[in-house]
Amino acid sequence: MSRTEKATFAGGCFWCMVHPFDQEPGIIEVLSGYTGGHTENPTYREVCYGKTGHAEAVRITFDPDIFPYQKLLELYWQQIDPTDRKGQFHDRGDQYRTSIFYHNEEQKRLAEASKEALEKSGRFRKPIVTPIVPAAPFYPAEEVHQNYYRKDPLSYGNYRQNSGRDDFIAKHWGVKKNRKQLQETLTPIQYKVTQKKGTETPFQNEYWDNKKPGIYVDIVSGEPLFSTTDQYDAGCGWPSFTRPISTHRIVTVADNTFGMFRDEVRSKLGDSHLGHVFPEPSVSTGQRYCINSAAMRFIPKEELEAEGYGEYTHLFNQS
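Sequence positions in the sequence shown follow the working numbering and run 313 to 631.
Hints were generated in silico from the structure; no laboratory data involved.
Hints may contain errors.
Pairs of lysine to any residue, SDA-like flavour, derived with a Cα cap of 25 Å [as the list claims (entries may be wrong)]:
1) 483 to 411
2) 427 to 343
3) 613 to 377
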């Protein structure tokens, strides 16, 4: 039987803190709620007024043998502005503060080491002010707030885009592109596809008929994007997938070029053009991600651990 642990993070609006963790392997549950205050069983309205001392937070139940706490910390830092004491993005007030709530001494040690490493990295000019404090009673939020990104994706998307969070993440965590360097490190077709929205030739690209198990990562940023567990032969001559590993790691943009109505797929941090997503009634998800081989690097399952993607080995161990 697998063991589980809890992790609790505050990072501003809890709607935006569920999606990044929710679809990762080893994540059992991501619950929105309130913690760190003095009022028992607070309501959303009470917390929003800032009178309870609570912060909006998420409590994550996870399998540390699959997705270690260190990986959660890495993902957490990429979702927040750790230099802001007074809220997050356009949500102001102590109820939107950042905090890491540790559940045991090992989590405390790892969180402090992770914070110190971030400070030394020089990624942010201002001091890292996110506190690391003991876990307090956690009160689940009302049902309407649970998995909000799934329940109302349009409202969630509009809120997130207008909040300034994604712009901040792209600025501080996105790939700083040097076109000359990219032209030197990428092949001509890789550069054409990822940087100029090109398309490679069908049936004459590296992965369209790949049968080996593994995952595909962004050729520029290394972000894990797709798994062969979701790959299928759509007959189009390009790698096709029913879903990404996590929808949080991709961005879709309306694309009406060539008189067509479709959605372009880009990587979130690499900002690489990957391909397009189309409606596909014949598959369970109702979508087909048609992706250029040249936009990705394939990592076989037996090399995942050595390449730093060990948590995704679990995708191939499921019955």
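*Hint by hint, which ones does this structure get wrong, listed from lowest number up?*
none
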